[in-house]
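> As you go down the protein sequences, you meet chains A and B in turn.
Just so we're aligned: 150 in this note's numbering is position 150 of the first sequence, and the numbers increase by one with no gaps anywhere.
Just so we're aligned: 589 in this note's numbering is position 259 of the second sequence, and the numbers increase by one with no gaps anywhere.
Hints are supplied without guarantee of correctness; some may be wrong.
[What the hints assert, rightly or not] In silico DSBU-like cross-links for lysine-lysine, where the CA-CA straight-line distance does not exceed 35 angstroms: (1) 373/B <-> 151/A; (2) 311/A <-> 490/B; (3) 490/B <-> 151/A; (4) 311/A <-> 514/B; (5) 151/A <-> 514/B.
[Claimed, not checked] Computed far set for chain A versus chain B, every beta-carbon distance over 12 angstroms: (6) 30; (7) 156; (8) 272.
Just so you know, these hints were derived from the structure itself, not from any lab.
We treat Cβ as the ideally placed atom computed from N, Cα and C, and that holds for glycine.
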Amino acid sequence: MNVASELTKEPALSFARVMSSAPLIIFVVLLIYLAIAAPNLLEPSTISLILKQSVPTVIVCLGLATVVVAGGDDVVSGGIDLSIPATAVLCAGVIADQLTNHGSSLFFALALAIAAALAMGIVNALLVVFIGMTPLLATLASSVAAVGITKVITSSRRINIDHPFIIYIRDGDIGGVPSAVLVAAVFVLIFCIAVHRTRWGMQLQAVGGSREAAEVSGIKASRLVAQSFMLAAIAGALASVFVLARGSGSTPGSEENLLLEMVLATFLGAAFSPRRIVTVWGAVLGAVLVSVLSVGFKSIGVDVFWTGCIKGSLILIVVASAAYTGKAQS
Amino acid sequence: MEIRQLSVFKRRFAQWSLVCGLSAAVLLSGTAQAADLSLKGKKIGVAVVGTQHFWDREAFNGALDMVKELGGEPVPVDGGRDNQVHADNHDILLSNKVDAVISILGDGAVEPKFEALKGAGIPVFTVDHLSPHGVNNTTSDNYYMGTTIGRYMADAIGGKGKVAVFNAFEGALRICGIRTGLWKYVMQDYPGIEIIQPELAEEFANAPEDARKKTLDLLNQYPEGTLDAIHVGCWDQPAIGIVQALEEAGRTDVKVTALDGGPDTLEIMAEEGSPFVANVAQQPRLIGQTAAMNAARHFAGESLLPQTFVDVRPVNGPEEAKAVYEELGYGTL
């Protein structure tokens, strides 16, 4: 009986190995193809453009990766926060409205945006930790609410912004490196250290690995999960500055593309980890690669709808791979 | 007497010959000039905000086809009806080192991109987006569109009544500022017309369905006899959803007016008893083609005016909708 089960287990594991590497293999093939078809992709100016365009996605990915680390990799019952892009767009709306329509100071506008983001984080934490809703549904609902609030604040209209700080984030550079990329790199470093190098981060990973085991060893799992949602909301607030800079203002509907890229990048990032788990640095790398794909496909003239179709298929492969790997491991 | 008549005839014949000859010469020189235009060896980026809607698609295809016809190599990029993606696409054209960019629509997010292109020595030819960084903007006569639709709408409701307006883009896009601003200017002369406040704002990406829902809410708020017209300030995709909502609610007494006049909305206007009563039809394909020709003129050393206006066709009622539909080559209704 044991021998039989071992025999059936072996092929399943090797198939799981192939499945877990599938996203990586597909991406490598796509990247090689793009590098050949669009030679300018590897030029310094294009690399700078790719990094610059990836910044909003990188920042929201920091939040999502933190929530997934705390809640576990299971894409249905594990940790996920779909509301981060909506939080980013909500905060962008708040900042744009305050700066342009009310003449508020930058400090006040940013403080109000952070307050709005924290409110979103508290709502998500309450829904998931205290009410016990599935994070997928809870954050989907809060995302819809955030989009609604944004429409109320902005009257569903675009708000232009010309504040020097936002313009500096958009156009400034230090030693030839775009300022947005440098600021984002600092945030990446902070999140990486917090989640992967501190005691708090280790506890977060322990909760995500096995909540029961973590609780038995005295870790307050609920508190950590709640904190992960708060951090994700703050990531949304940070991303809002880059969203505003990228668009020179707030535009209704910007959250849709950001959501697609965030999910793709974060779960793609798991493919780079030896244990195939979501990590902060993996998500960041994933976000940059998604940006490479976007710029690369456009450079070779692929129709935008095909790009959407390809990205959608990649999300499916990446998420299916994560789900199957999780199933095989369990 | 006969001799005198003959000499008058000869003189008139000579005059007509001269007029005809001159006209032919002007026409021929015009044709020769158009034939001389060339984009040979030029890589022309063509950026459009989206291709889901007839107008955008037609302007885009018109520009692409004309670039090819003039011997250029088009580099197309499509924003997928997302203004942010559309703006970012200009960065990709910049890194692709195109010789010129034709940019169709877009909001304020494209301005810094135009500035960067201009800074890199790449001329930008805009469509429906007046920019200080562009060489030339090809557009419809938005001034005429705004005032004409104002007059038509006022006439349709007898010069008085309550009007709701979908007006999401008056502050974001200059062309919409002109169209809606001049519509409001005309409304000033009709003190009996009240514009319902707050104004409605339609979504950019999913306009028909969004406008349908908002119209159903509006109809609940304004029961029968308290709402006379719904106007869409800058385009007519929301009008598709508005008409749908009016039909669902049995409120086709409320008149609908809008701007753009593509085949989809002209078909709705041509239906019997349609509440969609007035429009101003544009020629998006010709607009796109003209923008590409303007790029070629620029490379030929011609000095271009800041704006090139392309003719529009006012559409008042179902019969005119049918006539314009045929005239613009969409077929027969």
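> Honestly, which of those hints from before does the structure not fit?
1, 2, 4 and 7
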